Each structure stands twice: as C-alpha cells, then as structure tokens.
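Residues in the sequence shown are numbered from 69 upward in steps of one, following the working numbering.
Careful: at least some of the hints might be erroneous.
Said to hold, decoys possible - Pair by pair, the computed Cβ-Cβ distance ranges are: (1) A154 <-> L252: 34 to 42 Å; (2) A238 <-> V98: 28 to 36 Å; (3) Y165 <-> A253: 41 to 49 Å; (4) S177 <-> E247: 20 to 28 Å; (5) Y165 <-> R251: 43 to 51 Å; (6) M175 <-> L236: 16 to 24 Å; (7) L236 <-> L191: 20 to 28 Å; (8) I198 <-> V123: 19 to 27 Å; (9) E93 <-> M175: 38 to 46 Å; (10) A242 <-> N119: 30 to 38 Å; (11) Q138 <-> H174: 41 to 49 Å; (12) M176 <-> A253: 41 to 49 Å; (13) A101 <-> G142: 18 to 26 Å; (14) H174 <-> L234: 33 to 41 Å.
Just so you know, these hints were derived from the structure itself, not from any lab. Everything numeric in this text was worked out from a predicted model, so none of it was measured. Think of the CB as a built atom: it goes at the ideal place given N, C-alpha and C, for glycine as much as any other residue.
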Amino acid sequence: MAEYESRNSRSIGLSLNPLHIIAREWPYAVMLALALFGVAYTNFARHAMTNYWIVLAPLFALICVAARWQTVDGSQKRLQLIGSQALHWTAVIFAMYLVFVADVKHMMSDDASALMVLTVLALGTFTAGIHVAAWRICFVGIVLGLGVPAIAWFEERTLFFSLVILILLAAAVAFLVLERRARLASF
69 MAEYESRNSR SIGLSLNPLH IIAREWPYAV MLALALFGVA YTNFARHAMT
119 NYWIVLAPLF ALICVAARWQ TVDGSQKRLQ LIGSQALHWT AVIFAMYLVF
169 VADVKHMMSD DASALMVLTV LALGTFTAGI HVAAWRICFV GIVLGLGVPA
219 IAWFEERTLF FSLVILILLA AAVAFLVLER RARLASF
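Go ahead and model the full structure; you've got the sequences and the hints to work with.
Right under this line is the structure:
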C-alpha cells in the first residue's frame with residue numbers, strides 16, 4: 069500500500085513539473101502561439117495575412133496527428149488517424165481557396181477575404197479537435213474564432229492586447245482546473 073502511494077505521489081509530482089507539462093502540452097501550445105501571433109500581427113500590422121492562415125492549416129493538421137499519435141494503438145488505427153485528418157484538413161484548405169474564386173474575390177475586400185479564411189481555419193481547428201477528442205485543439209479553434217471579431221472590431225491595440233491577456237488567463241485557469249480534476253480523479 070505504501071509503495072502504491074509513493075508511486076502515485078511521484079506521478080503527481082511529475083505532472084506538476086513545468087518541464088513535464090511543456091513536454092506533454094507542446095502541440096497545443098504551438099497551435100495557440102501561432103494562432104495568437106497571427107491574430108495579434110494582423111491587428112498590429114493592419115494588413116491581410118491570408119497566406120499565413122492558409123500555410124497554418126497543414127501545420128495544424130500535422131500537430132493534430134502528432135497530438136494523438138501516442139494514444140492510438142496499431143498501425144491500422146494510425147493510418148486511419150492520418151487519413152481522416154488528411155481528408156478533414158484538405159476540405160478546410162479547399163474551403164479557404166474557395167474564398168479566392170474570381171466571383172467571390174470581387175465581392176470582398178482583401179481584409180474581408182483574410183477574415184473569411186481565418187473563420188474557416190477556426191472552424192476547421194475546432195472540428196478537428198472534436199474529431200480527435202482533444203479539448204485543447206477545440207480551445208485553439210475557439211481562440212481563432214474569437215480572433216475574427218477582435219481583428220474586425222478592435223481598433224486600438226491596447227484593447228486587443230487586453231483581450232489576449234484575458235484569453236491567456238482564461239486558458240491558464242481552465243488548464244489548472246482540468247489538471248486538478250484529473251489528479252483528483254486518479255486517486
């Protein structure tokens with residue numbers, strides 16, 4: 069009994085170690101950092117970053133696969149994971165490119181096109197998170213989705229940066245609450 073308790077307390081200690089947390093959460097942190105960078109840069113630079121969002125989609129696909137790779141057993145299931153994510157993200161990229169079809173491009177400004185592409189990426193990220201059962205990927209999709217109104221509505225950088233700070237604080241609180249629940253559930 070004492071051996072089980074000491075082993076369990078060691079695993080809890082490891083899960084609270086910042087290096088262990090970073091090693092475990094790196095895919096989501098990269099996605100969130102890239103999303104926040106794109107939203108912040110778009111708001112700061114005041115020009116469309118359409119190509120950035122389109123390049124981000126395949127990178128997010130790779131991160132989704134990498135995030136679930138260790139939890140999937142067997143080569144057949146791993147191929148299924150790769151195939152389903154490839155189809156999902158191909159559809160997202162195709163929807164992004166539909167914004168640039170000649171008829172649609174003439175109806176929207178460059179800023180509106182970039183916001184539309186960001187919206188498609190946000191929806192694709194959220195649905196990919198649902199598909200691979202990763203709430204953290206869903207969270208990145210929500211942050212991207214919140215970036216659309218942030219870019220469209222906030223003109224002052226101070227307001228936008230306060231929104232980013234609030235989002236990061238909310239993410240930290242959500243992470244701590246879920247981490248604590250996971251620790252309590254393991255007892």
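Exercise for review: Report the numbers of all earlier hints that the structure fails to satisfy, in ascending order.
Suggested key: Hints 2, 4, 6, 13 contradicted; others consistent.
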